[in-house]
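K.L.:
Chains as they are written, first to last, in the working numbering: chain A, 1 to 123; chain B, 1001 to 1293; chain C, 2001 to 2279.
Rather than coming from a laboratory, the hints here were simulated on the basis of the structure. We put the CB at the ideal spot given by N, CA and C, even for glycine. Among these hints, one or two may not hold up.
[Unchecked claim] Pairwise CB distance ranges, derived in the manner of DEER restraints:
#1 B:P1105 x C:T2067: 23 to 29 Å
#2 A:N11 x B:T1082: 46 to 52 Å
#3 C:N2234 x B:E1224: 34 to 40 Å
#4 C:D2200 x B:E1265: 47 to 53 Å
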Amino acid sequence: MKIIIPVEGKNTDAPVCPSFGRTPFFMLFDTETQKSDFIDNAAANSQGGAGIKAAQTLVDSGAKILITYRCGQNAADVLNAGGIKIYKAENGSANDNIKKYKEEKLSVLTDIHPGFHNHGGKN
Amino acid sequence: MKQILILSGKGGTGKTTVAGAFIELSKSLAFADCDVDAPNLHLIIDKLSEPKKTDYYGFQKAVIKNLKCTNCGLCEKICRFTAIKNKFINIHKCEGCGLCVEICPVKAIVMSDYSSGSLMLYKNDGKVFSTAQLKMGNGASGKLVAAVKKQLSDNFIDSKISIIDGSPGIGCPVIASVSGADIVVIVTEPTVSGIHDMKRIIDTARHFNINPVVCINKFDINEENTKEIERYCDSINIDVIGKIPFDPMVVKAVNNCKSISQYPESPAGKAVKEIWNFIDKKLIKANFCKNKN
Amino acid sequence: MKIAVLSGKGGTGKTLVSVNLACSAKKAVYADCDVEEPNGQLFLKPIITNKTSVTVTIPSIDLNKCTRCRKCITFCKYNALALINDKLMIFNEVCHSCGGCIVLCPQKAFTETSRIIGSIEEGISGNVLAVSGCLNTGEVSGVPIIKSIMSKLPKEEIVIIDCPPGSACVVMESIRSADCCVLVAEPTIFGTHNLAMVYDLVKFFNKPAGVLLNKCLDGQENPSEEFCINNKINILAKIPFDEQLGSLNSQGFISVREDNKYKELFENLLTTIEKEILQ
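Input sequences plus hints: build the corresponding full structure.
P.N.:
Here it is in structure tokens:
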């Protein structure tokens, strides 16, 4: 099963990125092989609809779990349609969050914010 | 760090005057002017150094390569924004969709970087002030607002409080400035226009899960309308956190490039200080305004 | 004759001037293009004769024709389309209505449909036909509403266009077909700073323009007046800071209909505009 996390750098100890749609990279962790791959986020420089494009990338990657600090409504619609479950990230690195997920310490993300009409989220 | 956003709905109610006062009173080291169409805050901030200017690039725009163009007129016909006429693309009408690029039979049109404004960053004495100016006639100013906020968060060193001067209206620049705000203060005035626009901006804020507070400026120009504002806010569970009297000192202060808070004995100066104290002691400490009731 | 009233800065008195100018003429049209916060109707209180919705076109997909080639997704600069679990999702609020996906789909699998973003109300208030646009809350751009207002304006009459504040695309759209522009300025450096911006805009459009100095304070320096003098801009009128005018305005009254001295003031202003700017 694949878990995907927005990260600020291409390494497993990189902090989880506060933004979902405009994160520079995603880390794709395979629970069977225990290996991590990094995907560039093509949506990072999007003029608009970044969450939607990022969510499309996630669905195409085959991930089934997303761990993120936050997510917008449009992206959530794409992820839900694609059967990806969204968990709320906790302070720390990507590795820390994978560990917490395995220990069942993460909760499902319920606070989905409305679309920002092409204009980015909290920074 | 707590982010306080000042909005108004109607222009001219005193948003920038109030924001400037809050900045001075809170001794905030991180503030921004998100009114990128008509930024004014820099005019009353003390001791600003020369800003670092960066060109801002929003949507790319289409450009016709005249040598390749065969004048078939297909692009002109297909453009939904009527941006093309006689082989010429009107840069203010073009919305960067790229359809003309795809449709041109001789590939005579390309997308090109277009600077729709500039970001300005003031950094001195440990303070960071982020603002921008949109070039006239441009849209997509919401994206520039997001860039102003990102410039602030990328550059600020340390501040307990950040103050954001928002823009008038309810459209995309306002929507963009709302994201990330912990406390939203709506500055209104007791006129029929002011009340009408205040209702719309409250609606807009609530649409984005924010519970704003209201402050009535120039409240004594029409005390009946002031009472109406108080009644209305009460009926929809919005707190009116203060009232500022009409004070000719405000014009003098602004024209001297100062904040009204630098005239603490003036009626408006006193009132703004009380409002700030309330925000500081009650709202910030109580983690107010997060999420709709 | 189309007169656009604009200011750069909000709260200088655009609507006060627009409404009173329209009401001081024998017959006129008042067009409210400040579609995010339309206020003219609060004063005119028109009897509404017609209300129309303003729509923008959005695509609709026929999944039976769609081959999932993703050409539309790759093309869309606004990321309004996504392909999930074999279904094409369309995000209406980020769609810019460019029509590209509809045109470019190799299977012609899209059709056009529409979505409402606001409305226009037409009504009568005494000698004034009021045309007011209103953008629904949460919507991004008022440009389509302003375009629609402009298409409804009669050609022969005096038209006063109440513009939005600032100098962004909505303002450009509002002044595009104007014969001249009246810039309303207040005596603060905020007002002057924004007057300069909006003056650049009217110059860019080659529109004849003049300035109305509002809320002038006796015995005090007026940075906006200095700006006009330094830049040789026509000063059409100076309205002093007037508590009675402010009070009438705050209650939603049209001053030219309440007191003859204001009727004279705005009739003179109209004459001045016709004489000095339109020559």
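K.L.:
Next, verify each hint and record whether it holds.
P.N.:
Here is what the structure says about each hint:
no. : hint                          : verdict
1   : B:P1105 x C:T2067: 23 to 29 Å : holds (24 Å)
2   : A:N11 x B:T1082: 46 to 52 Å   : holds (50 Å)
3   : C:N2234 x B:E1224: 34 to 40 Å : holds (39 Å)
4   : C:D2200 x B:E1265: 47 to 53 Å : violated (39 Å)
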